[in-house]
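Residue numbers 1 to 233, in the UniProt record's numbering, belong to the letters of the sequence shown in order.
Just so you know, these hints were derived from the structure itself, not from any lab.
Just so it is clear, CB atoms sit at the ideal spot from N, CA and C, and this is done for glycine as well.
Be aware that a few hints might be false.
Unchecked claim - Here are the in silico distance ranges between beta carbons for each label pair: (1) Asp-14 - Ser-131: 42 to 50 Å; (2) Ser-141 - Gln-179: 48 to 56 Å; (3) Asn-110 - Gln-179: 43 to 51 Å; (4) Lys-30 - Ser-201: 44 to 52 Å; (5) Glu-63 - Pro-156: 30 to 38 Å; (6) Asp-106 - Ser-131: 27 to 35 Å; (7) Glu-217 - Ala-105: 19 to 27 Å; (8) Pro-71 - Met-218: 14 to 22 Å; (9) Glu-12 - Ala-164: 37 to 45 Å; (10) Ala-9 - Leu-76: 24 to 32 Å.
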Amino acid sequence: MTLKASETALTECDITAHALAMIDEEGLGKFSIRRLAQAMNVYPTAVLWHIGSRDDLLAKVVEKVLENLPPDTSGLTWQQSLLAIALDYRGAVKAHPNISPLLGADLTSNAGVNFGFVEAILEALAGAGYSGQAIVDAYNSFSGAFIGFVTLEFSPQPKNSGKALKSDILRRLDDLSEQEFPHLTSLRTQMTDKAFVTRWSSGNEAPMEEAYHALIEMLVRSLDKKKQDFKGI
Numbered sequence: 001m002t003l004k005a006s007e008t009a010l011t012e013c014d015i016t017a018h019a020l021a022m023i024d025e026e027g028l029g030k031f032s033i034r035r036l037a038q039a040m041n042v043y044p045t046a047v048l049w050h051i052g053s054r055d056d057l058l059a060k061v062v063e064k065v066l067e068n069l070p071p072d073t074s075g076l077t078w079q080q081s082l083l084a085i086a087l088d089y090r091g092a093v094k095a096h097p098n099i100s101p102l103l104g105a106d107l108t109s110n111a112g113v114n115f116g117f118v119e120a121i122l123e124a125l126a127g128a129g130y131s132g133q134a135i136v137d138a139y140n141s142f143s144g145a146f147i148g149f150v151t152l153e154f155s156p157q158p159k160n161s162g163k164a165l166k167s168d169i170l171r172r173l174d175d176l177s178e179q180e181f182p183h184l185t186s187l188r189t190q191m192t193d194k195a196f197v198t199r200w201s202s203g204n205e206a207p208m209e210e211a212y213h214a215l216i217e218m219l220v221r222s223l224d225k226k227k228q229d230f231k232g233i
């Protein structure tokens, strides 16, 4: 096979950058090695030779998105450290929201996560007094909560049925009985397109930053208050 001229200088870094740009532009659902190769004017086999499989490439994309994590937490309390880590994570995903399904619903992403990110959370929890199985439970509770929130917040909007989704949600809210759903009907204005389940806009259009801050603060307070209840403490 004769190489295209552009293949002679092909690098893993270039491929990863182009892949991330394509996912940013078109979404994860449309991404493929073949389409990436076409955009880069190379053969798909050349991409695979440099990067491995599609999953390997997606792991590299995750690594690129999260490359600046964890933040420097020196001099911070354990509470401040957890807040800084969680805020920086959301900021990284907000810059590339189309990768959110990969982070929260595909174990492929684990191959691209910097273990320094995990270590920083564990260090903060150790500073809070956790150890043994309790620190593992605390880590899973904290990371699962904030990663799950961000994944949901930046879930992609339907490309071809966005208007239909909006109309359907509004219609269903209109049909609610005040007697059967007193809280939801009274809070409709505050929740419509601003809360999980009752929204049709993704977080890049309708961010949920205040709710995210509230989540992290509640988690940190809970970790501080309940640490003695964890098995192993």
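So, against the hints stated earlier in the document, which numbers end up violated here? 2, 4, 5, 10
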